[in-house]
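> Residues per chain are reported as follows:
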Amino acid sequence: MTNANDKLKLLLTDIFMMEEELYLDENGPEQIEGWDSLATVSMAVALQQEFGHHMTIEEVSEIHTIGDIKEYLRSKGVEL
Amino acid sequence: MSKQAPSPFTNHHDAYSMGQEGKEVWLLNGMRQLTEWHRERCMEYDRFLLSSGADNNHIQRLDQLPYLPTSIFKKFDLLSVDPEQHPKLKTVQSSSTSSGVPSRIFQDEATSYRQKKSVQSIFDSFLGTERRPYIIFDAMETARGKNSMSARGAAIMSLMGYASRFYFVMDLCDGQLVLNEERLIEAVEAAKESGDFIAYGFTYILYQAHEMLQRQGHSFEGFGNQTFLIHSGGWKTLQNIAVDKGSFNDAVSSVWNISPEQVIDFYGLVEQTGVIYPDCPYGNKHVPYYADVIIRDPHTLQALPTGEVGLIQLMNLLPLASPNHSVITDDMGKIVGVDDCPCGRKGKAFQFAGRAPKAEVRGCGDVYAEEQGK
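As given, the protein sequences belong to chains A and B, one line each in that order. Going by full-length UniProt numbering, the first residue of the first sequence is number 1, and it counts up by one from there. Going by full-length UniProt numbering, the first residue of the second sequence is number 1, and it counts up by one from there.
Calculated directly from the structure, the hints in this document are not laboratory data. Hints are not guaranteed to be accurate.
Below, in silico cross-link-like pairs of lysine to any residue (SDA-like), each with a Cα-Cα straight-line distance of 20 Å or less [stated by the list, open to error]:
(1) B/Lys146 to A/Lys76
(2) B/Lys192 to B/Val178
(3) B/Lys90 to A/Glu33
(4) B/Lys146 to A/Met17
(5) B/Lys146 to A/Gly34
(6) A/Lys70 to A/Gly52
(7) B/Lys88 to A/Lys7
(8) A/Lys7 to A/Ile57
(9) B/Lys146 to A/His64
(10) B/Lys146 to A/Gln49
(11) B/Lys88 to A/Gln49
(12) B/Lys146 to A/Ser61
(13) A/Lys76 to B/Lys236
(14) B/Lys334 to B/Leu304
(15) B/Lys146 to A/Lys7
(16) B/Lys236 to B/Pro278
(17) B/Lys236 to B/Glu211
(18) B/Lys88 to A/Ser61
(19) B/Lys117 to A/Ser42
(20) B/Lys90 to A/Glu19
(21) B/Lys88 to A/Ile63
(22) B/Lys192 to A/Phe51
(23) A/Lys9 to A/Phe51
(24) B/Lys117 to B/Ser17
(25) B/Lys90 to A/Thr13
(26) B/Lys75 to B/Asn57
(27) B/Lys90 to B/Ser150
(28) B/Lys116 to A/His64
(29) B/Lys88 to A/His64
(30) B/Lys146 to A/Thr13
(31) A/Lys7 to B/Arg165
The whole structure should be built from the sequences, with the hints applied where relevant.
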């Protein structure tokens with residue numbers, strides 16, 4: 001696991017208030033109790049602070065799972 | 001059954017760039033299509049139109065489009081999508097009104113996306129596009145929600161796209177909102193570092209918080225002209241204690257040493273989620289190109305000309321999950337001009353003129369105040 005992936009895992013487990021074992025690419029709001037609308041915004045703000053990329057409305061609306069978050073970061077050049 | 005709903009957006013990025021004459025034919029066509037879309041999918045809506053004799057084929061003007069009273073969304077769950085095919089369907093609901101029954105509007109993913117685009121397009125025009133620290137005069141619990149959201153929560157969330165960081169500076173203690181001064185100071189420090197910030201609170205909550213800050217002698221300095229304090233939710237409670245818009249703006253802006261014009265009131269209702277009406281510096285509310293406002297005589301329901309006060313009918317092209325695309329409210333207002341506001345925004349400009357005399361206390365902020373026993 002890369003440093004960026006460690007960082008992302010720490011960030012998402014904190015924001016979504018989830019157990020580490022839920023940090024799986026296929027998991028989304030249905031599996032993660034704490035992933036609500038406010039947590040989605042918190043995630044977007046935190047990604048901006050941590051990785052330096054503002055998410056647009058279009059980009060946020062395409063996030064449905066942890067895998068989508070990773071895919072978004074990869075598309076911005078972050079190595080995960 | 002029509003497969004595609006009309007797109008609410010053209011290639012105009014600015015919500016107010018289209019003049020009234022230019023938009024009317026396009027909007028009328030879209031509104032007729034959207035009426036048909038809902039009619040084919042929502043049996044109750046179709047029955048309502050049949051019983052009222054509305055004939056979509058003979059509509060030539062926007063003021064001939066059928067509309068539902070907002071009160072209908074308190075009595076019925078009107079749905080134009082199959083919940084089984086839309087597992088992420090959400091509800092947005094108003095605070096319970098004095099009748100005790102909230103309005104419930106449904107949102108599928110496509111509607112939610114359209115609403116976010118719309119709000120962004122409107123707020124961009126008033127706030128610019130820069131992200132700033134966002135101070136929220138409310139408790140975090142208000143904005144939490146997976147499948148449903150209150151009007152207050154929705155309003156808070158609508159500004160999140162402008163936040164570089166956000167701070168909820170109130171706590172919920174025994175059902176009462178209490179200012180958390182430590183968090184406020186933390187937020188103020190972040191705002192000072194940035195030079196500008198945005199803040200949001202329900203009108204009555206924002207007033208209460210600033211009245212307290214003033215009483216405690218707080219005065220914050222060093223903020224620029226891209227700082228805005230935004231509020232919504234209703235004026236009735238404040239009017240009852242003789243606080244008008246001018247004194248409200250003075251009270252709030254003086255705490256932050258900014259111009260009263262940087263305090264922005266916006267009008268909006270759950271039944272028109274996604275289209276909000278902030279005041280421009282000339283005190284007018286502007287209608288984006290994918291929406292329209294008609295003022296109607298409260299007795300005859302005939303459309304009224306510019307300058308006459310009547311019931312506000314609101315319509316927009318956004319909603320796909322509930323037939324709330326054209327509603328008549330029990331709010332009063334008047335059109336004050338078309339394409340001619342000195343602020344430069346095109347389309348109709350209107351002003352809010354209070355609640356209809358027999359309407360219940362309904363502004364969500366007013367309901368909050370009522371619940372607090374004010």
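> Would you mind marking each hint as holding or not holding in the structure?
Right, here's what the structure says about each hint:
no., hint, verdict
1, B/Lys146 to A/Lys76, "violated (28 Å)"
2, B/Lys192 to B/Val178, "violated (23 Å)"
3, B/Lys90 to A/Glu33, "holds (16 Å)"
4, B/Lys146 to A/Met17, "holds (14 Å)"
5, B/Lys146 to A/Gly34, "holds (9 Å)"
6, A/Lys70 to A/Gly52, "holds (14 Å)"
7, B/Lys88 to A/Lys7, "violated (29 Å)"
8, A/Lys7 to A/Ile57, "violated (24 Å)"
9, B/Lys146 to A/His64, "holds (13 Å)"
10, B/Lys146 to A/Gln49, "violated (24 Å)"
11, B/Lys88 to A/Gln49, "violated (28 Å)"
12, B/Lys146 to A/Ser61, "holds (15 Å)"
13, A/Lys76 to B/Lys236, "violated (49 Å)"
14, B/Lys334 to B/Leu304, "holds (9 Å)"
15, B/Lys146 to A/Lys7, "violated (25 Å)"
16, B/Lys236 to B/Pro278, "holds (18 Å)"
17, B/Lys236 to B/Glu211, "holds (17 Å)"
18, B/Lys88 to A/Ser61, "holds (12 Å)"
19, B/Lys117 to A/Ser42, "holds (19 Å)"
20, B/Lys90 to A/Glu19, "violated (26 Å)"
21, B/Lys88 to A/Ile63, "holds (13 Å)"
22, B/Lys192 to A/Phe51, "violated (23 Å)"
23, A/Lys9 to A/Phe51, "holds (13 Å)"
24, B/Lys117 to B/Ser17, "holds (16 Å)"
25, B/Lys90 to A/Thr13, "violated (25 Å)"
26, B/Lys75 to B/Asn57, "violated (28 Å)"
27, B/Lys90 to B/Ser150, "holds (11 Å)"
28, B/Lys116 to A/His64, "holds (17 Å)"
29, B/Lys88 to A/His64, "holds (11 Å)"
30, B/Lys146 to A/Thr13, "holds (18 Å)"
31, A/Lys7 to B/Arg165, "holds (19 Å)"
The earlier numbered hints that this structure contradicts are 1, 2, 7, 8, 10, 11, 13, 15, 20, 22, 25, 26.
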